[in-house]
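Keeping their order, the protein sequence lines are chains A and B.
Be aware that the first sequence starts at 1, since it is given in the numbering used here, and climbs by one per residue.
Be aware that the second sequence starts at 1001, since it is given in the numbering used here, and climbs by one per residue.
No lab work stands behind these hints: they were computed from the structure.
Each hint should be verified, as a subset may be incorrect.
[Stated by the list, open to error] Derived DEER-like restraints, expressed as beta-carbon distance ranges:
#1 B:T1127 - A:G167: 49 to 55 Å
#2 A:G74 - B:F1161: 48 to 54 Å
#3 B:V1158 - A:A254: 23 to 29 Å
#4 A:V18 - B:G1066: 35 to 41 Å
#5 A:L161 - B:T1127: 48 to 54 Å
#6 B:G1177 - A:K52: 48 to 54 Å
#7 B:T1157 - A:T21: 21 to 27 Å
#8 A:E82 - B:L1016: 54 to 60 Å
#9 B:G1153 - A:K52: 42 to 48 Å
#10 A:E82 - B:R1288: 50 to 56 Å
#11 B:R1288 - A:P256: 32 to 38 Å
#12 B:T1157 - A:D73: 54 to 60 Å
#13 A:E82 - B:V1269: 52 to 58 Å
#14 A:L9 - B:Y1256: 49 to 55 Å
Even for Gly, the Cβ is constructed at its ideal location relative to N, Cα and C.
As a plain string of letters, each chain reads:
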Amino acid sequence: MARYAATTLLRMFMTFFVIITMVFFATRLSGNPIDFVIGQGITQEDRVLLTKYYGLDGSLWTQYLSFLRAFTDGQFGLSFLERRPVIDIVAERIWPSTQLLLTSIALTILVSIPAGILAAIYRRGWIGSTVMTVAFLGYAVPNFVLATFMVLVFSYVLNWLPVVGNGTALHFIMPTITLSAALIAALTRFTRNAMLDVLGQDYMRTARAKGLPERLVILKHGLRNASITVLSVLGLQVAALAAAGSVVVESIFAWPGIGDMLVRAALTRDYPVLQFGVLTVAIAVIAINTLVDLAYAWADPRLRQAGRV
Amino acid sequence: MTVAVSASRPVLIAALRDLWADATPMQRFAVGLGVSLALLAMATPLIAPFDPNAQSLLSRLRPPIGFDRAKPDYLLGTDELGRDMLSRCLYGLRLTLTLAALGSVIGLLFGGSLGVVAGVVGGRTDTVIMAAVDTQIAVPFTLIAIFLLTLLGHSITVMVFVLALYGWENYARILRGETRKLMRMPFIEAARAAGATPARIARRHLLPNLMSPIVVQFTLSFSNIILLESTLSFLGLGVQPPTATLGAMVGAGRDYMPTQPWIVIAPAVLILIVTFAVQTLGDWMRDRADVRLRPR
């Protein structure tokens, strides 16, 4: 286990390093680094000062080193638009994004675990096919189309829900549904398939044979065994899906989170914000996936003892 | 050798007939829908009634036929600059499908070749290629796409490049696995013993056997690429105005949603039809490829 954890963590840091390096070379090779790091509309004195600070007058190699130095002193640059450290801008957007992510995960679990179990038990009946059709639609409808139609119906026609911001509980409804749709679709399918695998096992027949009520058989013997697969899928998929989804959802509903910030920064070419935002989200996703991986290895007694290959 | 190659055509037709035979009505419908959309996109310059970018300020914001103030020339109404919605939808569909097709084909050629090379050569080459694959899988692609589009500009060329980059890692991963499996087969060893060069082995013996995973992955990746392209265009990060893509039309039309909803609804419904068709096909291919999901 210790060796497995060590190699997993090592691989995680290697990936960080590769991504940071690629971001650096992508930004430096595609244009003038001074325009990229410092931007327009700044006095000559400040420009000289910042050029020296970031080492932009030096060779590519010294620039790379000073780029890496940011990870020790936290000086990731200033936003072109707001002229304040990007690290502050990103920091104040983390909590709204997290809030939206948490409500979406809660909704996803509440809907898709029961739906997946039902779809597995009644796989030949109308319940099974209805659940799978809805899950397919949740997967096939692009989230921005879903959001657009919801805004049209619930905000403009019925005038029930607010469109912009995160002020009240009502503001959470549409963004949460939009962000969860794809997650619900994915998790429902995985739950159903994991349950189908488990339902065919011998211990299920044994549990029934010793006279346990069906509800207990399904929940205790079925769901518990299926939950390992379900949880690992949830953990590994949620970070990536949520990162991709929140960009769209936050930008549609003007939710003050990181996704909205990334799109704004991209549209206004605020490179320092974009660069730091992309790095933050990428590193967060990789870190979460590594943690899930380790938790999964720890939870599985076979892996915990064998130390895995 | 020629026998094996010429035999592959009837085999392909038989495989397609098999596929059609066990398709559900929904999947057959999706095939029909997909073919009609492709034909529509190809015939767009012939059937579109107007130039998609021609403005007519006298007939701005006209609703579709059947509503008040509609003009009979404009079947689906006009947008805020008096451009014909039907023509823009058709050209948007055409561009969306073209971009997705180009992106998928380039991604397939690039990722597929890397995967086959990794599988055939092995060793350090394999390690490096697979490390690149793992890195790309680790980062959500939307982030990479936004970053690259901002950095390199929003031209059609950059868009194709970004779309091609999406999904190459899946081709590489899957084809490497299949190649490694095939390389251990006796018929490859026999070919090598008979003196065939690695290039010949790859072309004549590997490729025909790789067709089925390629088709599956291509369908899946095509539908993902369509989604990605529409999403990026919707956010305003894709191909720039006035060029019409379906996603961009939905994104730009949002400002008029309360009063002129057809500007959004027409392209949004078209996107739904396209994604329904491609996702159904993609899903079908995935289910066929995954033994665990076969009907029990």
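Satisfaction of the hinted span 48 to 54 Å by the C-beta atoms belonging to G74 of chain A and F1161 of chain B
violated, 33 Å
Pairwise beta carbon distance, V18 of chain A to G1066 of chain B, judged against the given window 35 to 41 Å:
57 Å Cβ-Cβ, so the 35 to 41 Å window is violated.
Could you tell me whether the CB distance from T1127 of chain B to G167 of chain A stays inside 49 to 55 Å?
holds, 52 Å
Okay, L9 of chain A versus Y1256 of chain B on CB: inside 49 to 55 Å?
Because 51 Å falls inside the window, the suggested range holds.
Is the gap between the beta carbons of E82 of chain A and V1269 of chain B within 52 to 58 Å?
With a Cβ separation near 39 Å, E82 of chain A and V1269 of chain B fall outside 52 to 58 Å, so the hint is violated.
Confirm or reject the claim that E82 of chain A and R1288 of chain B have a C-beta distance inside 50 to 56 Å.
holds, 52 Å
Could one say that the CB atoms of E82 of chain A and L1016 of chain B fall in the range 54 to 60 Å?
holds, 57 Å
Can you let me know if the beta-carbon spacing of L161 of chain A and T1127 of chain B is within 48 to 54 Å?
holds, 52 Å
Would you say the C-beta atoms of R1288 of chain B and P256 of chain A sit inside 32 to 38 Å of each other?
violated, 44 Å
Okay, T1157 of chain B versus D73 of chain A on CB: inside 54 to 60 Å?
Given about 39 Å between the Cβ atoms, the range is violated.
Distance restraint hint 48 to 54 Å, applied to the beta-carbon atoms of G1177 of chain B and K52 of chain A
holds, 51 Å
Is the hinted range of 23 to 29 Å satisfied by the C-beta distance from V1158 of chain B to A254 of chain A?
holds, 27 Å
Checked against the numbered hints given earlier, this structure breaks hints 2, 4, 9, 11, 12, 13; the rest are met.
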